[in-house]
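From first to last, the protein sequence lines stand for chains A and V.
Under numbering that gives the first Met the number 0, residues 0 to 133 are what the first sequence spells out, in order.
Under numbering that gives the first Met the number 0, residues 0 to 381 are what the second sequence spells out, in order.
None of these hints come from the bench; they were simulated from the model.
Heads up, the beta-carbon is just placed ideally off N, CA and C, and yes, glycines get one too.
Any given hint could be a false lead.
Chain V stretches covered by chain A per the calculated footprint, using a threshold of three residues with CB under 8 angstroms from any CB of chain A [claimed, not checked]: (1) 93 to 100; (2) 107 to 118; (3) 208 to 215.
Below, simulated DSS-like cross-link-like pairs (lysine-lysine); rule was C-alpha separation at most 27 angstroms, straight line [what the hints assert, rightly or not]: (4) K114(V) / K212(V); (5) K20(V) / K80(A); (6) K80(A) / K4(V); (7) K112(V) / K125(A); (8) K262(V) / K73(A); (9) K148(V) / K80(A); (10) K262(V) / K362(V); (11) K36(A) / K114(A); (12) K73(A) / K4(V); (13) K89(V) / K4(V); (14) K33(A) / K262(V); (15) K125(A) / K114(V); (16) K360(V) / K80(A).
Between beta-carbon pairs, the in silico distance windows are [stated by the list, open to error]: (17) P229(V) / E90(A): 47 to 53 angstroms; (18) Q65(A) / Q94(V): 32 to 38 angstroms; (19) A293(V) / E90(A): 58 to 64 angstroms; (20) S27(A) / K126(V): 55 to 61 angstroms; (21) V226(V) / S27(A): 38 to 44 angstroms.
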Amino acid sequence: MRHNNIVVFTCNWDGLSCVEAAAQNRLSYPASIKLVKVSCLSRIHSGLILKAFELGADGVMLLGCQPENCLYEKNGNFSSKEYDKALGLMELLGLGTERLRLSRLPRGDGDAFIKEVEDFIGAVSKAAWCSTKS
Amino acid sequence: MTRHKQEIKDTRIHLCLDCGKCTVVCPVARYNPDFNPRLIVQRNMQHGGGNYTDEAIWSCLNCYMCLERCNYHVQFPEFIRILRTEGLTKGSRAQCSHGGVLQSTMHLMADEKVKQQRLNWLPRDIKLSEQYDTLFFVGCAPYFDIMFKDLGVNTLQGVQSALRLLNRAQITFNLLDDELCCGRDLLLQGDKEGFMSLAQANAHKFHQLGVKKIITSCPECFYALKVDYPKMLGKSVAEVVYWTEAVAPLLESGNLRLGALAKKVTYQDPCTLGRGLRIFESPRKILKAMSGLALEEMQPNRETALCCGASSWVHCGAANRQIQDERLTQAEATGAEILVTSCLKCRIHLKCAQQSRNGKKPKIEIQDLATVAAGSLDEEAD
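Excised from the complex, chain A in its bound form (with noise of 0.2 angstroms):
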């Protein structure tokens, strides 16, 4: 089966934190996920979500803090305001919305990044549409 390249843009706190909290717990992800870490979830815009899909990714995923838990106090407006453009955008162009996540889990929650990442892959990987860049 071919790899989905999925990228992860995850926040340096609650995002950041379920990821190490899956690799001190020894558990594994598939290699094809790119992990981004930004300072918060309101860097990510629809330029660089699109941006991602054009270089060829088939997924990305959003990895953020839960409602009130943002250190930035941005509590996600920002980012949902253009995770929603995003998937507008990826409505029209027929790459479909199920390429694009926005997931925010409970502080430190490896498990629950294990299960949503696999749940991820396994939506994208039912996607018609492949990668530009295969």
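Once you've looked at the hints, dock chain V against the given chain A.
Same frame as chain A, but now just chain V:
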């Protein structure tokens, strides 16, 4: 630069007398001292080569003001385009506005595997022809509608209104469900390769479907299809008509009538449509065909109209904001209630500027020409 030798020759840049008239009229030069068309020519023509680190080239608005004033008709905007194309190959990068999302969208569209779902917005009342003899080229309005929803520009409404007017005028047309961006924005920012892939794919589709005539409501698409495609592809793709040019004669002959709109309006000439393709009067004829409407011209207008301040989704900075502020002030000075424009990008840029004008409350509504005209139709019984 040697591989662009002929292209540079075609711009007539060698005729530049260093007179500086271009710089005097350039709106960017007025607010950005680093941008000086005369010196850009001088710097980049010296020693037979371009200066690839010249950051100033990214500030040009492609508004054709310099071209309007130049006695020798030196194609400065095209010269800038060549410098940008060359700069990109040498590692220079454009500062893309909106995080580069529009550039990525255009590049993704060019991918053969991408199958767009772009006609979901089409209202049921729009009648389409079964033939593809005449095509309405929608452009990127569905994408802008999502991108600029928070500005409240509703770019698709303009397209829907233009289609309604064409229906009412009994001009038949069809739409393409896999139309690609015309690519003009990519070309203007120097991405010739990106433009060519979009242009070739579009031209191939037109040829396959036997398209003879293309109507469009976007001035940029109009310029691309009418001027850039024949120039870059080496052949004309079809007869290209701007929608106001198709509708205005019908209003004059009495075959189409618009309704009433008792408002004072002013009209923004889009650079590409006005100075670029000399369409100044037909949009005004459409406005004047509405009874009760008073058209108050901004100063300056037509050939000397001020640009909306941004172009091709690159390099939007302080100078751009100042140009937009100046244009909005000129529009407000007319006392008009609505600033009408027939370019969706003018609307996006001016509306964006209006929202960030240091707490000044918008004094003028910004509307699309087709939306205003089609809105008056509803008041009249069919």
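*asked:* With the threshold set at 27 angstroms, check whether the alpha-carbon distance from K262(V) to K73(A) stays at or below it.
replied: violated, 43 angstroms
*Starting from the hint 55 to 61 angstroms, judge whether the C-beta atoms of S27(A) and K126(V) obey it.*
For S27(A) and K126(V) the Cβ distance comes to about 58 angstroms; the hint holds.
*Is K112(V) within 27 angstroms of K125(A), Cα to Cα?*
At roughly 16 angstroms apart (the allowed maximum being 27 angstroms), K125(A) and K112(V) satisfy the hint.
*Assess, step by step, whether the Cα of K125(A) is no farther than 27 angstroms from the Cα of K114(V), and give holds or violated.*
The hint holds at about 17 angstroms.
_Per-stretch coverage check for the region 93 to 100 of chain V, three Cβ contacts closer than 8 angstroms to chain A_ = Holds, because 5 residues of the region 93 to 100 of chain V bring their Cβ atoms closer than 8 angstroms to Cβ atoms of chain A.
_Given the hinted pair K114(V) and K212(V), is their Cα-Cα distance within 27 angstroms?_
Distance of about 24 angstroms is within 27 angstroms: holds.
_27 angstroms limit on alpha-carbon distance, applied to hinted pair K89(V) and K4(V)_ = holds, 17 angstroms
*Taking the CB of A293(V) and the CB of E90(A), does the distance hold inside 58 to 64 angstroms?*
For E90(A) against A293(V), whose Cβ atoms are near 42 angstroms apart, the range 58 to 64 angstroms is violated.
_Proposed proximity, K362(V) with K262(V) (alpha carbon, max 27 angstroms)_ = Distance of about 14 angstroms is within 27 angstroms: holds.
*Are there three or more residues in the region 208 to 215 of chain V whose C-beta lies within less than 8 angstroms of some C-beta in chain A?*
violated (count 0)
*Hinted pair K360(V) and K80(A), Cα distance within 27 angstroms*: The given pair, whose Cα atoms are some 24 angstroms apart, holds under the 27 angstroms limit.
*Are the Cα positions of K36(A) and K114(A) separated by 27 angstroms at most?*
holds, 20 angstroms
The structure fails hints 3, 5, 6, 8, 12, 14, 17, 19, 21 (numbered hints given earlier, in ascending order).
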